[in-house]
Amino acid sequence: MKLHRSVIDGKNKLKLIALLLAVFLMAVPSISQAAVPDLVVSQTVDEVIRILSDGSLKGEAKRAERREKIRDAISKGFNFEAMAKRSMGKYWKERTPQEREEFTGLFRSLIEISYISKIEGFTNEKILYEKAQTKKNISLVKTKIVLSKGTEIPINYRLMKRADRWYIYDIVIEGVSLVRNYRTQFSSVLRKKSYSILVEQLKTKIEKN
Amino acid sequence: MHSTIKKKLSRIVAILLFALTSIVLMSPKISSAAALSSATETAGNDSNSSGYTLTLTEYQMPDGQQFTLIALGNADQNTGEFDDLEFDFDDDDLTSIADPIEPFNRAMFVFNDKLYFWVLKPTAGFYGRAVPEKGRIAVRRFFTNIATPIRLVNALLQLKFKYAGTELARFGINTTVGLLGFRDPARDKWNIYLHKEDFGQSIGHYGVGPGFYITWPILGPSSLRDTFGLIGDFLLNPASYIFAERSLTGVGVWSYDKVNSTSLDPTLYEDLTKNAIDPYLFIRDAYHQHREQLIKE
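First to last, the protein sequences are chains A and B.
The first sequence stops at residue 220 when you use my numbering, and every number in between is there.
The second sequence stops at residue 301 when you use my numbering, and every number in between is there.
Don't read these hints as lab results, they were simulated from the structure.
Remember, predicted model here, so these are calculated numbers, not experimental data.
Every residue gets a Cβ at the ideal spot worked out from N, C-alpha and C, and that includes glycine.
Don't take every hint at face value.
Below, simulated SDA-like cross-link-like pairs (lysine to any residue); rule was C-alpha separation at most 25 Å, straight line [what the hints assert, rightly or not]: (1) 160(A) <-> 179(B); (2) 200(B) <-> 238(B); (3) 219(A) <-> 278(B); (4) 160(A) <-> 138(A); (5) 216(A) <-> 200(B); (6) 129(A) <-> 272(B).
A short, non-exhaustive set of chain B residues, derived as facing chain A with CB atoms under 10 Å [stated by the list, open to error]: (7) 133; (8) 135; (9) 137; (10) 271; (11) 272; (12) 283; (13) 285.
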């Protein structure tokens, strides 16, 4: 009894959503791409997947080229300065403009080396997107990667609006905010040691890869 | 015959008693806490009304033109200041888990780390080469399916009837059509997804915080609350009854489950920790955030 009900409910809801979506699309014939958080996320993710599934970019030999393209695709949707700033939290105020720029660059490289190799393992996975929840200048887009290996990974994107464009400033994987996680680590070093030691540690990590 | 029924009944009663006492004992402010969580739940329900099974757009190959528009905007990437007040989505900013026994935890972290590199990883690697991936996926599904009582009972304890329903449906479908749970047609054919619920979440749902962080040897990251939760989950897991009858076999089964799931993503732990500035803090914070998120859902 219960079994049947939940299955049918799901189908009906799907139909309803499809209908609403159709109405919505007819009513709003064109939406500026970067003006909608949903599209910033889906297009960034789609572009990365397109690069990964591009036959001409496959294999070890094409690794550098492929990674360069992924980096480009990511940089369009992300705002690394906002991420770096928030990963440092209150210590950001104490930094000079040069230091901020240096730190943003290092933070960006750290993210790239940490995640691009992991992303490269993802092919033929299904991605489900939920509609963005937007509050003024911030938005949350929930997605879920349905892995062929039998598990799902919820990945949510936090976006902010700057000059009429939406940028991703945080990724939340299985409930774990990337920026907040880095802030825990960085602030421990900044509190107990110093900024220059943090920079040294970041450089060491990046050079190792 | 009569005595086995009695035995089973007494087990169920023990579990329920454990559930009730731990919720009551650990939550002195149960009434105010309940009000709080119901308020957040309606807020959450709002956003979850579509649920994960509902898909707005499925992934399609993008056409290049859409993408160019993004690139255009990028030329004007603003690098100005951002007012921190803008980010009211992050209510959780400076909350982190208490860690009064950090020296102990760090020692256990090192122990577990060594255990991973010296024992778990080589064993999983060897096993992964011997058994085809499809078989290992099936084994993981079997263990997941068998643990349904944990998710079902805890969904009920939190009055999440929708998730109790999906867990029941998943169990019914996967145990029969899915050949004892080795397959997952509930997900693959009917898009009914698993929803993680456990005892630690149930206690947390009624307003009990994590207490403090604990790294257990072998079992890994936990908290005071979730350690209680682990006991409840253990009692609810049918696989545990092998342990009750023959403890060595029980440990074997548990280890096999661990080795099997590690073999399906053998580099996950390394990938995540190798680029951390402080791997211990990385794990501690990730654990805490992950648990808080699960409780909120």
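Here is how each hint holds up against the structure:
no. : hint              : verdict
1   : 160(A) <-> 179(B) : holds, 19 Å
2   : 200(B) <-> 238(B) : holds, 15 Å
3   : 219(A) <-> 278(B) : holds, 10 Å
4   : 160(A) <-> 138(A) : holds, 14 Å
5   : 216(A) <-> 200(B) : violated, 34 Å
6   : 129(A) <-> 272(B) : holds, 9 Å
7   : 133               : violated, 17 Å
8   : 135               : violated, 14 Å
9   : 137               : holds, 8 Å
10  : 271               : holds, 9 Å
11  : 272               : holds, 9 Å
12  : 283               : holds, 9 Å
13  : 285               : holds, 5 Å
Comparing the model with each earlier hint shows violations of hints 5, 7, 8; every other hint is respected.
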